[in-house]
Structures are given as C-alpha cells and as structure tokens.
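Here is what each chain is made of, one letter per residue.
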Amino acid sequence: MQLPIYFPLGLGALLFGIGLWGALTRTNAVRILMFIELMLNGVNLNLMTFTRYYYPENATGPILTLFVMTVAAAEASIGLAIILQIVRNRGTVEVDKVDLLKG
Amino acid sequence: MPIDLSSVNPNLLIILPPGVLAVFALVVLVLDLYSQEKRWLAGLSLVGVLLSLVALWFASRPGAVPPGDYFGRMVTADHFTFYMVAVLLVAAGLVILFSMDWVPRRLPKVQVEYYELVLFATLGMMFMAASRDVTLIYLGLELSSQASYILAGLLRNDPRSNEAALKYFLNGALASAVLLFGLSILYGLTGTTYLPEMLVALGQAPLPLLVTAMVFVIAGFGFKVAAAPFHLWAPDAYEGAPTPVSGFFSMAPKAAAWAAVLRVFLEGLSIPQVMDKWSVLYAVLSASSMLIGNLTALWQTNVKRMMAYSSVSHAGYILVGVAAAARAPEVGAGAVLFYLLSYILTNAGIWAALVALENQGEGTEMADFRGLAQRNPALAWSLLLLFVSLIGIPPTVGFFGKFFLFRAGVQAGYVWLAVLMAINSAISVGYYYAVVRNMFFEKTEKPRLELGSSLQAVVALSVLAVLVVGLGSSPVIQYAEAALGLLGR
Amino acid sequence: MHPYLPLVIYAALALAVPVGISIAISLITPKKPEPSKYLTYESGHPTAPMLGRFPVKFYLVAMLFVIFDVEAASFYPWAVNLRELGVFGLVEALVFLLVLAVGYAYVWKKGGFQWR
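Chains as they are written, first to last, in my numbering: chain F, 2 to 104; chain X, 321 to 809; chain S, 22 to 137.
Think of the hints as simulated: they come from the structure by calculation, not from any bench. It is possible that some hints are incorrect.
Said to hold, decoys possible - When the alpha-carbon atoms are kept at most 30 Å apart in a straight line, the in silico DSSO-like pairs for lysine-lysine are as follows: (1) S:130 / F:98; (2) X:358 / X:429; (3) X:429 / S:52; (4) S:131 / X:358; (5) S:131 / S:78; (6) X:358 / S:130; (7) S:52 / S:131; (8) X:358 / S:78; (9) X:429 / S:130.
Looking at chain F on its own, in the form it has when it is part of the complex:
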C-alpha cells in the first residue's frame, strides 16, 4: 500500500512552515540560517514527492532537487562566513543588536 500523497506533501509544507516561522521570529543569525535550510528541505521534499507520485519518468524534479541542495550548501558557507565576520567585529550573532544602519 502506498502512502497517500498528502502525507509527504503535508510534511513538506510543515517543514516549510516551521522554517518560515522560525526565520521570521528568531533573532540569532545562525538559527535563522538553519530555519531557512529547513524551508529548502521542505521544498526538496515537495519536489521529490511530486516526482515519485505523479511523474516517475521525469528527471527534472530530481535534478532541480540536486541543484537546490548544492546551492544550499554554498549559501550556508557564504552565510556562515558573513556571520563570522560580524562576530569578529561586533561580538554578537543577534540580528536585533546589529543595528548601525537606520533611518
């Protein structure tokens, strides 16, 4: 018996929702980054679910997933590099304490 498609899709939406919630409510930059990665995982789950259930002959879904993963890795390292520089200069990873620019 196959799992109804609503379960994996719901899980994907849930991951995305939790990620979005966290990214908008947290103030720790590293945590925001982790929540954004969670959102991307929700997207990947969506893509793979659709491929598996509706378009099993289709290669574009998995390829897009692969690209999303690759890009997410690059994104994480760039983000960490930026956060690291903030920590060196300001000694904090809290986004709400990084507030030199205003107006």
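Mind docking chains X and S on chain F? Use the hints.
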C-alpha cells in the same frame, strides 16, 4: 571581410556571450594567483565584458541563431534574450569602469575578487534573462545573489558593510526559499520546469493551488526586486555596502530579476484564469512601492540610502508595466524593458559621482554634496541632468521610459495607477531637489573634486546616453516591444 | 464547495502550526524553577567551564569540505547516464571539473588549506 557564421553550430553561438565572460572570469581568477600587479586585471575584466558584447552582437545578427531553444531547451534565442543580455553587460561594464579607481584604495587586499564577483554575478544574471526553464533561472538567480552577498560584505573590517551583507543575505536566502516553494508547487501541478510546457499544462491545474504557488513566486521575486512591502533590506544593504557595489545592486541584479519576472509570468503563468489575479497583485505592489519609496526617500540624509528608496519607487514604476503586461503584453513588457535600460544608464552617472566623493575621502551624506557646483561644475550640471532624467522630465531618457510605462498602464486600463505614477514623479522632485540645492546653492571651502579618467568616462557616457537614447528612443522601444513578440510563441 | 475553501483551510492550518507550537510550548513546559535546573548538565560529569572557543579553522575546513562534497553529488546524474550522453556528456563533465579545479587552485593558493 564578412564572417560567415552559417556553418557554426547555433548551440555554440548562443552561449558564446556567457561563455566568453565565464572564460575571462576564470582566467582572471587564475592570473590573480600568479600576478603581483593587480590593476591590469581590472582592465582584463572590462575586456571580457566588451568581448562578450561583441560575441552577443555576432549571435544576435539575423540568421546567426534561429529563434528557439538550445542546449536541451535551457537557453533561449530571442530578442528578449539579446536585449536583456546586452543591457546587463552594459551595466557590468559601467560598474567595472567606475570601480577602477575606488577598488585599489578601499579594497587593496581583495581587488581582483571584487571584479571576479561582479563578473560571476553578471554571468548568473545573463542566464536568468536568457532561459525559459525555471531550473536555469533559479540557478542564475542564486549565482548572482550569492556573489552579491559577498560583494556587500567586501569591506571586511567595516561593521556597516558586515551588517549590510548579513541583512542582504538573510533576506535574500529567505526570498529564494519562498520563491522555490512556489516553483515546487508549479512543478507539481505541471510536471515540467520548462515554461512554455508549463503554460499548456496549467490549464487543467486546480486554481486554488495555482494561486497559492503564484503568491509565493510573487513574494519571492518581490524581495529580489525590492518592491514594497518586501523592500526592508534594500536601504540597509545599499547604505552599508561599498559604494560601487551599491551602484551595482541598483543597476544589474534588479534588471535581471525583472527579466525573470517577465519570463515566468508572461511565458509560464499567462493562462487567463490567473493573469488577472497576478496583474492586480502587481498593481497593488506597484502602488505601495511608489508611495512608500518616494515618501520615505524625502526624509533621508544619506544619499546612498536615498537612492535605495528611490530605487524602491522606481521598482513601483516598473511594476506598472508588469501589471499592464497581463492585458497588453507587447506594450507593457516593452515599456519595462526600455525602462530598465534607461534606469541603468541614468544611475551609472549618479553612482559614479558618489564613488568620486569617496575617492577623495569624503562621505555620501547630503552635506557632502554642498557646493559641488563650485568644486566641479561639469559634474554638478551632469548630475542635474541625470536627476532630471530620474524624475522624468523631457528630453531625457527617463521621460520616455515613464511615458511608455504610462501609455502601457492606460492601454491596459490601469488609469488610476498611471495617474498615481505621475503624482509620485512629482513627489520625487522633492528629494532630488534636496541634492541639487546642496550642490548649487550652498557654499563650501573644500577643494576641487577631481574625477579620474574612468569616472569621467562613466559620467560622460551616462549623460550622453541619457540624451541620445532619450531622443532616439523609437528604435529601442520598437526592438523592446518586438522582443516580446517572439517571447511565448 | 467554494474552490478557495481548501486554500482557506490550508492558510488556517499554516497559521495554526506556529501559534499552536508557541502555545503548546508554554502549556507543556512545567514551571518549577529550581536553581539546579539551570546548571549545565553533561552526562553526569561535573561540567567544566567552557574553555575558550573553537578555532575558526575548523569552520573553514568544514565549509570547504561541504562545498566540494556537494559538488561531487552533481556527478551522479552524469555517471548514471554516461553511455547515452557519450562524448557530449564527457566534455560537459570535463568543463565542470575544470571550473571546480580553478576553485580548488584558488583556495589552495590563497592558503585555505593551511593549518596555521
């Protein structure tokens, strides 16, 4: 001697412009490792951009590459591609040119990395504009965004630059994830990432899910083009980022994002059931961007920040064209394409002036513009003309850009939006005049402001283009409107 | 049924999840504050004060590993379709490798691999 290109594989010809740029980017990267003297590498990057333009000219000649999709339907050859790639390359060339004096002074340790990142970002943007497959549009978007995050933080020991990079990065990454979620639903509904096929398959898709996906895509792109209310990162990123980088942000990445918006919405989501919906959503975004951008810009004391809000309001003007494109595709998209060119040409000169101020060790506050007419009359008058173009007063290119948008809005039945645009152009006089007043009616003791030859070239090119493209706008707008004639067929 | 009803339900659910999590956390969490509960607990051992920070070089190595590791995943689709893609695929893969190699040379030459 005419060069015969008919025997060349069109597959190779169509990726020649990005290919040339990629090769130059890699070569510059390797040469950086083995060269002590870095300045000539800036010149080499510029040569790469120019050669890429030459390659584009060959590829875009009639008959060289028959219209269609190449490289497994990843790269599209049509007027839209040629026009946008040319615009992006011009923007990249101008940015490299006005950074040449600035970079050795302020970024002595990462000079070549600066040009590298500009080249790679441009490469990503070229693919964004040249593809009608969502996969490649996404990859191009990420390549350009991620290069931009690093560019924003290149002044590593300046906390403001760090902060700009952090805010730009977090917002950008969030936007990408939101956009991707929308795209993943679209893929689920249609089983393809190729926009024309998506369009065909969308007919049977359940409308509510389709609208959900559309809202996510609009929000994701809204962040990227800094349309209100998704614009909150833009002022901070512009103010904190190194000045030439802010100039780059205001010119190239946005133009590429607009190209992607037009592609996705006019080629992929243009079934009648949703067209009206995204048209109205974009009209609302347009109104809020114009109002918020212009009214907030009035209170700014930092010119970089003011230009950021100004760019939010200009995103609002462009959105008039996007909203109109749902009902009058050729006129709407043509107006958007023309406006992108006009905005880039105008902005180049203004940012060159800001870079010139920083080159002499001054800031970019409103007060730093005091008495500029005494210090360098030619620059002050040039800036006056460029601001006139941004406001949209004839005979400058900005006037024609706004006129085409206005016409598109009226033709599409968005008369209220077109009128709002005219009112907002009047509001924008307020903050541009603040700079002009400082330049012409304030006195200063500061010495003459010297521009290096490359900065002079950018300002001169910008002024010349604003007048020439303005007065000779009819072939450009014809090409821009024809660009859409092929798109989606 | 109105066509937008599922969407409304979906939006309501999406809203309910974060709100629910927040409420559930505050409900489930027992509130008996004791000073010992706020002490750091480490497998029953008495905890040592945190000795400095991790050197940044760990992060750098991890970052480089992640990037090159994930790039390698891009070879799988090519490897699976090796026969069908033929020479074209080989050239594509070589171009990809060349770009990776330039990146590798850049990191190497700039001292990214040095364990200072």
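Quick rundown of the hints versus the structure:
1. About 36 Å separates the Cα atoms of residue 130 (chain S) and residue 98 (chain F), which puts this hinted pair outside 30 Å; it is violated.
2. For the hint pairing residue 358 (chain X) with residue 429 (chain X), the CA-to-CA distance comes to about 10 Å; that is within 30 Å, so the pair holds.
3. At roughly 54 Å between alpha-carbon atoms, residue 429 (chain X) and residue 52 (chain S) are farther apart than 30 Å, so this suggested pair is violated.
4. Of the supplied pair hints, the one linking residue 131 (chain S) and residue 358 (chain X) holds, its CA atoms being roughly 15 Å apart against a limit of 30 Å.
5. Among the hinted pairs, residue 131 (chain S) with residue 78 (chain S) is consistent with the structure: their alpha-carbon atoms are about 14 Å apart, no more than 30 Å.
6. Taken as a hint, the residue 358 (chain X) and residue 130 (chain S) pair is honoured in the structure, with Cα atoms around 16 Å apart against an allowance of 30 Å.
7. Proximity of residue 52 (chain S) to residue 131 (chain S) is assessed by CA-CA distance (about 53 Å); at most 30 Å being required, the pair is judged violated.
8. A C-alpha spacing of about 28 Å is found between residue 358 (chain X) and residue 78 (chain S), which places the hinted pair at or below 30 Å, so the restraint holds.
9. With a C-alpha separation of about 15 Å, the suggested pair residue 429 (chain X) and residue 130 (chain S) falls inside the 30 Å cut-off, and the hint holds.
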